[in-house]
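Engineer: Full structure from sequences and hints, please.
When we follow this note's numbering, the leftmost residue of the sequence shown carries the number 1018, and every step to the right adds one.
There could be a bad hint or two in this list.
Claimed, not checked - In the SDA-like style, the derived pairs of lysine to any residue whose C-alpha atoms are separated by at most 25 Å in a straight line are: (1) 1070 - 1058; (2) 1173 - 1088; (3) 1076 - 1092.
I should point out that these hints are in silico values taken from the structure, not numbers from a laboratory. Here the structure is a predicted model, which means the values were calculated and not measured.
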Amino acid sequence: MENIFSGQLNAVSIIQLMLAPAIMISACGLLLLGMNNRYSLVVNRIRLLNEEKRRLLIKVGEKPPTFDENIRLESTTKQISFLVYRVKLVRNSVLSYAVAVSLFVITSILIGVSSVMPIFKLNYFIIITFLLGMVSVLVGVIFAGFETKKGYDIIKFEVHSHD
1018 MENIFSGQLN AVSIIQLMLA PAIMISACGL LLLGMNNRYS LVVNRIRLLN
1068 EEKRRLLIKV GEKPPTFDEN IRLESTTKQI SFLVYRVKLV RNSVLSYAVA
1118 VSLFVITSIL IGVSSVMPIF KLNYFIIITF LLGMVSVLVG VIFAGFETKK
1168 GYDIIKFEVH SHD
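Structural biologist: Structure representation (structure tokens):
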């Protein structure tokens, strides 16, 4: 039976081996698309809150602030700081997925190279790069989980600050 370590694979087997990293690249692409959408939403929310904060500060500069205006200004300021932290989590998730894609591309290239030049030790690099790619996906998922929790916390804060 042929295996990756024998160096005697036919073209079909090599292409099949190269597809595993390609499937992971596709999966990471979907994860990246979702995180880019989250990034856009969070950035837009920060911009809206910053605009609201500017309007409140201008209003406060013209006359003494009301109690409600002070509460809203404080709430807006806190939400912006929470959202800045949230956007960092999204950024970290996106970077982790991008690193994973790079590692999966390297894995595919190494599989192709190992089929042309049967270097036994190259197989260890193939396995290591693929596993590092999987770890990078896991790290991205963990950041995405923290970002989701932070989003929920921000909504809870906003709802409770209006009570």
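Engineer: Work down the list of hints and note, for each, if the structure agrees.
Structural biologist: Comparing the hints with the structure gives:
Restraint check for residue 1070 and residue 1058: the C-alpha separation of about 18 Å stays at or below 25 Å, so the hint holds. Of the pairs offered as hints, the one joining residue 1173 and residue 1088 holds, with about 16 Å between alpha carbons and a cut-off of 25 Å not exceeded. A hinted pair counts as satisfied when its Cα atoms are at most 25 Å apart, and residue 1076 with residue 1092 qualifies at roughly 16 Å.
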